[in-house]
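S.K.: For the sequence shown, numbering that gives the first Met the number 0 gives the first residue as 0, with consecutive numbering after it.
To be clear, the hints were calculated from the coordinates, so they are not data collected in a lab. Everything hinted at is true.
Computed list of lysine-lysine pairs in BS3-like fashion (alpha-carbon distance at most 25 Å, straight line):
1) LYS3 with LYS49
2) LYS3 with LYS19
3) LYS42 with LYS19
4) LYS3 with LYS50
5) LYS19 with LYS50
6) LYS3 with LYS14
Each pair of labels, with its calculated beta carbon distance range:
7) PRO75 with GLY18: 13 to 23 Å
8) LYS50 with VAL81: 14 to 24 Å
9) VAL81 with LEU1: 14 to 24 Å
10) GLY12 with LYS42: 32 to 42 Å
11) LEU1 with GLY57: 26 to 36 Å
Cβ atoms here follow ideal geometry from the backbone N, Cα and C, with glycine treated the same way.
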Amino acid sequence: MLAKREIWNYPEGAKVWAGKYRNSHNLLHWHFDCEFISVERGKLEVFCEKKLHTLAEGEALFTDSGQMHYQRALEPDTVLRVIVFEVPSFPRWKRSGCFRPSLRAFTPSLRRTRGF
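Please take these sequences and the hints and turn them into a complete structure.
M.R.: Here is the structure:
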């Protein structure tokens, strides 16, 4: 399967986009932006740079600029939060590929955040 380049159109003046998805499924793609995915409820399969990751509630995955990836909800009513952002003015991350930070300690504060 060929990966398509995805182009993000941010609101005027913004360099970041945040959203919430239910039962997300997208095709293999890549973009110059970085992406942070957090599972609020359910289970999500994420393919990133030739590795398949299964994320459960409270887990997250960071996808760096230019990395091929897709995601697919594994359970009904899976809910995830996504933050997509540009990083041209920041130095490149370690470039170790996709990585999975633990959000379990932060989950209560994330749930209290509205409009995210």
